[in-house]
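Colleague: Residues 27 to 563 (our numbering) make up the sequence shown, in order.
In short, the hints are calculated from the structure, not lab data.
Among the hints, erroneous ones may be present.
[To be verified] With a straight-line cut-off of 25 angstroms between C-alpha atoms, the simulated SDA-like cross-links for lysine to any residue are:
1) 510 to 452
2) 241 to 387
3) 510 to 454
4) 545 to 491
5) 550 to 527
6) 510 to 442
7) 378 to 408
8) 241 to 344
9) 550 to 562
10) 510 to 563
11) 241 to 199
12) 510 to 559
13) 407 to 354
14) 545 to 492
15) 510 to 446
16) 387 to 417
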Amino acid sequence: MWDRKIKRLLKLTPDMAAPDGLLEELEAEIELPGIRRQEGTTSYLRGAAGRSRAIKLAAAAVIVAGVVGGIVYLLGPGGGAAKQSEESMAANAARGSGDHAAARKEEQPVAKEAKIVPERTVAKSGSSGADGTGRAVTRGSDRSRTRATMGVVRVDTERIEAERIAVREMAALGDFDGLMGMLSGGMFAGKVAAAEHLGEIGDERALPALKRLNKMHGGWLFGNMCVYCYYEDSRTSGAFAVAVCKIMTRDMPAEEQVEAWFEVLEGRGPVMPSPVDQLFGLNGAGPLVRAKGRDLAKELPGQDFTSGFDVGKRVAAELSLFDDPSVVARLRQTENKGAAPTAVWMEVRDMKLEDGIERCKEIARTEAGAQQYGAIRCLAKFGEAAIYALDELALEGYAEAICVFDLFHYDMEVFEILCRHLRSNEHSQVRLKVISPELLKSVHFFRYRHPLFMQPLITALYDPNEDVRRRAAVLLRNASYQEKSRLIEHEEELLMALKHPDEWIRPYIAQALRQLGSKRMDEKVADPPEFRIDLEE
């Protein structure tokens, strides 16, 4: 562009002499923009290279810091990161639960006497490991995160008791609004207690809320699996369905009330069972469970926690108020295990003590299914007078009798009976029931922690039934953590069990010996006994 301008200028003034240095200045001016562009490009490339180098160095520094931080996190002495993560998670969960509870409280106030605390409190991990490291804290933190993810909460016993007291006071005062507030904003136990009292009041304004709760918590197959830590959505109760029926039949004649209660018992009441109950049967033992000639209801752990069981127990309690032989006859035909014990009791309650016990034994031997279950359970109503009858039934192979012994966990004679059944009962189902996880109650812990129970457990290691001997191995491993001084007396027998014919058992025995601090695990000892052949497999 500058070349054309200079040539045009020279053509217009051909006679004008250019001053000295003008052409050189013009030529320099012409070349200057190109030089500036070249220098700008060079400086830009140099700056880009510098920035790229800085980015690479920063990324490398971040990676190194992450690796070092991870190593410190995993191998550090205090497990502080895990602990901090757990505490922050618990705080956030509690804060969120508190906000939710506050919002519900604003919508509908709960009783003033109840101590309101966050309903969903995530269970913390407890103390650190015995070795002083933070690894136990890390594992606890992982468990807490898992429980928080799955909706597992720890029971707040103080709030439960406070809400129960508040419900009783509101019921005594006839505070319908307070009971409705507890029904919508209380914990599950408070809702159940409120539903029971609302059913007694009989106000139809409570029907929508009761039906909604029955739909949420009245129709699932299994209920509370654990007393201390359970799944939020697995809690069930028949109190809501029973309260609905009470309100709807309040003004009916006695005959119509009885018919309505039997409709609820058979799953045809005002609140229909859920699809799960229809599939398995409201009793927890429907047609699919009885397929191929097997009554799998007896094999389902926790079968007594079905929603049909709770409904049956509550409905039978209502029907027991009617002094009508036809009601007893109909209840004695039911297949609901929750109602069967009350049905048998209504038949024998007016008999003499000995006659009533003999009648229960007769029903247990001659009938099957729910009525057999009800007869054995009914023996518990006779108290300690029925202990020998239960022992007799257990010897004959009725495993349910062992479960009734759980009600007499304080009796040393019952403890000796259980030890004898574990050692010598010919029926494997009875022996298994003695150490079954279905009996994780006070008598169960009392048994395997008692010094006299150690020898029957070691004897059970060679039971011909696989489930019995493996369960015994697990209980011995558990006992080694709490009863070292008592179990160490059987060290020789445990060392022999390290060569147990069932390889599944060996790691549990080795773990028990390590926990006991045994120094003889490498010693040569006698061979273990063979499986017992005098018992049923």
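Colleague: Hints first: check each against the structure and report whether it holds.
Modeller: Results for each hint:
Between the alpha carbons of residue 510 and residue 452 the distance comes to roughly 31 angstroms, so the proposed pair goes past 25 angstroms and is violated. With a C-alpha separation of about 39 angstroms, the suggested pair residue 241 and residue 387 falls outside the 25 angstroms cut-off, and the hint is violated. Among the hinted pairs, residue 510 with residue 454 is inconsistent with the structure: their alpha-carbon atoms are about 29 angstroms apart, more than 25 angstroms. Among the hinted pairs, residue 545 with residue 491 is inconsistent with the structure: their alpha-carbon atoms are about 31 angstroms apart, more than 25 angstroms.
Taking the CA atoms of residue 550 and residue 527, the gap is about 16 angstroms. The hint holds against a cut of 25 angstroms. The straight-line distance between the Cα atoms of residue 510 and residue 442 is roughly 22 angstroms, inside the 25 angstroms bound, and the hint therefore holds. Of the supplied pair hints, the one linking residue 378 and residue 408 holds, its CA atoms being roughly 11 angstroms apart against a limit of 25 angstroms. About 21 angstroms separates the Cα atoms of residue 241 and residue 344, which keeps this hinted pair within 25 angstroms; it holds.
For the proposed pair residue 550 and residue 562, the alpha carbon gap of about 32 angstroms is over 25 angstroms, so the pair is violated. As the CA atoms of residue 510 and residue 563 are separated by approximately 31 angstroms, the hinted pair breaks the 25 angstroms bound. Distance restraint check for residue 241 and residue 199: the Cα-Cα separation of roughly 29 angstroms exceeds the 25 angstroms cut-off, and the hinted pair is therefore not satisfied. Restraint check for residue 510 and residue 559: the C-alpha separation of about 31 angstroms exceeds 25 angstroms, so the hint is violated.
A C-alpha spacing of about 17 angstroms is found between residue 407 and residue 354, which places the hinted pair at or below 25 angstroms, so the restraint holds. Taken as a hint, the residue 545 and residue 492 pair is broken in the structure, with Cα atoms around 29 angstroms apart against an allowance of 25 angstroms. Between residue 510 and residue 446 the alpha-carbon distance is near 24 angstroms, which keeps this suggested pair within the 25 angstroms criterion. Pair hint residue 387 plus residue 417 holds up; C-alpha atoms about 11 angstroms apart against a cutoff of 25 angstroms.
Taken one by one, the earlier hints fail for this structure at numbers 1, 2, 3, 4, 9, 10, 11, 12 and 14, listed in ascending order.
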